[in-house]
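*Asks:* Model the placement of chain G on the given structure of chain W, informed by the hints.
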Amino acid sequence: MSFEPILTKYRHEKDSHTIDFYRGHGGYEQAKKAIHDWAPDDLIEEVKKSNLRGRGGAGFPTGVKWSFVPKQTDKPKYLAVNADESEPGTFKDRVIMETDPHLLLEGIMISCWAVGINTAYIYIRGEMVHGYNQLVSACKEAYAAGFLGKGIFGSDFELDVTVHRGAGAYICGEETGMLTSLEGERGQPKLKPPFPAIEGLFGCPTVVNNVETLANLPFILEKGADHFRSIGPEKSPGPKLFCVSGHVEKPGTYELPMGVNLLTLINEHCGGVWKGRKLKAVIPGGSSAHVLHADECDVNMDIESLAAGGSMLGSAGVIVMDETTDMVDALLNIMKFYHHESCGQCTPCREGTGWLEKIVHRLHQGRGRKEDLDVVFDVCDRMIGKTICVLADAAAFPAMSFIDKFRDEFLAKCTNSDRSTAQATSGAGGVNV
Amino acid sequence: MTDLAFSKDAMKEYEWMLTRYPNKEAALLPTLRIAEREFENLDPAAMKYVADLMGLSPAKVLGVVTFYTHYRREGTGTYHLQVCSTLSCALRGSEDVCAHLSAKLGVGLGETTDDGLFTLSKVECLASCDTAPMLQCNDDYHEGLTLEDVDHLIDRLREEAKAGGAA
Chain W
8 MSFEPILTKY
18 RHEKDSHTID
28 FYRGHGGYEQ
38 AKKAIHDWAP
48 DDLIEEVKKS
58 NLRGRGGAGF
68 PTGVKWSFVP
78 KQTDKPKYLA
88 VNADESEPGT
98 FKDRVIMETD
108 PHLLLEGIMI
118 SCWAVGINTA
128 YIYIRGEMVH
138 GYNQLVSACK
148 EAYAAGFLGK
158 GIFGSDFELD
168 VTVHRGAGAY
178 ICGEETGMLT
188 SLEGERGQPK
198 LKPPFPAIEG
208 LFGCPTVVNN
218 VETLANLPFI
228 LEKGADHFRS
238 IGPEKSPGPK
248 LFCVSGHVEK
258 PGTYELPMGV
268 NLLTLINEHC
278 GGVWKGRKLK
288 AVIPGGSSAH
298 VLHADECDVN
308 MDIESLAAGG
318 SMLGSAGVIV
328 MDETTDMVDA
338 LLNIMKFYHH
348 ESCGQCTPCR
358 EGTGWLEKIV
368 HRLHQGRGRK
378 EDLDVVFDVC
388 DRMIGKTICV
398 LADAAAFPAM
408 SFIDKFRDEF
418 LAKCTNSDRS
428 TAQATSGAGG
438 VNV
Chain G
70 MTDLAFSKDA
80 MKEYEWMLTR
90 YPNKEAALLP
100 TLRIAEREFE
110 NLDPAAMKYV
120 ADLMGLSPAK
130 VLGVVTFYTH
140 YRREGTGTYH
150 LQVCSTLSCA
160 LRGSEDVCAH
170 LSAKLGVGLG
180 ETTDDGLFTL
190 SKVECLASCD
200 TAPMLQCNDD
210 YHEGLTLEDV
220 DHLIDRLREE
230 AKAGGAA
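These protein sequence lines map, in sequence, to chains W and G. Counting the first sequence from 1 gives a position; the working numbering is that position plus 7. Counting the second sequence from 1 gives a position; the working numbering is that position plus 69.
Be careful, since some hints might not be right.
[Said to hold, decoys possible] Selected chain W positions facing chain G (Cβ under 10 Å, derived; list incomplete):
1) Glu92
2) His137
3) His171
4) Ile326
[Said to hold, decoys possible] Pairs of lysine-lysine residues, derived as BS3-like cross-links and limited to a Cα-Cα distance of at most 25 Å, are as follows:
5) Lys78(W) / Lys40(W)
6) Lys77(G) / Lys147(W)
7) Lys257(W) / Lys282(W)
8) Lys82(W) / Lys93(G)
9) Lys147(W) / Lys81(G)
[Unchecked claim] To be clear about the criterion: a stretch of chain G counts as covered by chain W if any three or more of its residues have a C-beta under 8 Å from a C-beta of chain W, and this derived list gives those stretches:
10) 108–121
11) 194–200
12) 207–216
Simulated from the structure, these hints should not be mistaken for lab results. Beta carbons are placed, not taken as given, at the ideal position from N, Cα and C, and that holds for glycine.
Only chain W is shown next, with the shape it has when bound in the complex (with noise of 0.2 Å):
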């Protein structure tokens, strides 16, 4: 059966970003049905039954995340939106906020009908001007249209929706870091718990969503929760945004049922490896996850298939490489990511990325042992879940797969390795080890 896109059809569309366009193809009108027929209380439950799962990376169901904010407050609540697509090789979010900002408008009004706030955050990364453009004039757009505001569709609720700027901070893509840069302070995180839906922006209750995960919720609104659950595999249905990247014909956001083939949209969605050549790895979520050897790519793209494949769906930002892509300078470039990136008020994750970054450029410069090899793995091992989030880990888990399934190349790399084929190259800049 072949499959309709749901959250893009729109995309390439004239005009497809403003409200007449919005409305004339059937926009707010779920909004409307939900704050007219849906007790809120039933919507969780009808989201719930849906099994949307947050589609920022983590996989967290929806529902069950808004049915953890208190009902009974006297704070108030507030929807902070994570629009601050920043994991290498994702960018989804931005096709959703530049061609269809009011598909993320009309899910901001449903999920905060469901949880009963009146106050909504749009947390766009800074460097996204385009996009933050489109949903301010999106914003305007709507409270002209009386969507936004006071008394919307005639009811007593209200809700305001704020566009925020980002600044240019990898870390801000983490909840309790962005609700800390929100707050106007540096992008830190926080420990959990208390978790935001208890404790979050301005010490109150508060849920966090990612721009895609609320793009559903007129469609599941709309078809019902069933029809949703029908869509891709059980444990996390529904469409799914894909971002392809690297060495494919096609590179490209596809949108396609949740677990598809990851050789499949490759192959036949993306036109296959690029130039004719070969399949080497494949990191299937995002820079943070584990990369797959080319032998490993016969797996569905879904939260359970990737677990059990021993990496993760994550943002779900495909980033292909072919046979001609050297292992080493790839880490490199990730670990000089995450090292740049670090926040800093983690010592695992300060000094960690650091040595990371520099092991592997020792390596990378035909200067490195073979012993460093066992010194990453000790270091990843005092990073991962020793540290307030997770940018430890993440920095961790590309460090060890790759050198795990590519073991032979990084060898050839260390001067005293049988295997070595190093010839010590003058160091051209960089680290200096």
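*Replies:* For chain G alone, coordinates are given in the frame of chain W:
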């Protein structure tokens, strides 16, 4: 010590911004964006102005500005060329784009041309991996770049600056 001040429109935007948050401090990041636009970059005087305006300490403002990479800092050229260098872009030739720009402009990474027109930087993932290699110049993304595209871009920006159209 400073005679900087927001324009009337900027002040109006700032005051509107304050109404969107339950406390003043939360408006710091957006206010810094206004300051960046008003004063061209966030030099110490601009940060001090924002601190005074918001009743925050200059150290607090400096701490926030320096945590993030995307604010325009002192000494940035008219056009800030930020070449994405993270894995997906690197796999499709971002190093060549950087090297080409560096040779063409005669500057290294993090440096600004003598005429103050261009600053060249390598930056981390800009969420445009499907159009690699790419760069961001001020607010705009330039995607799917060939070296010829890079030449055209630089020529165009030089023309624009000559015509006085630079931001």
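*Asks:* Let me make sure I understand: some of the numbered hints might not hold for this structure. Which ones are they, in numerical order?
*Replies:* 10
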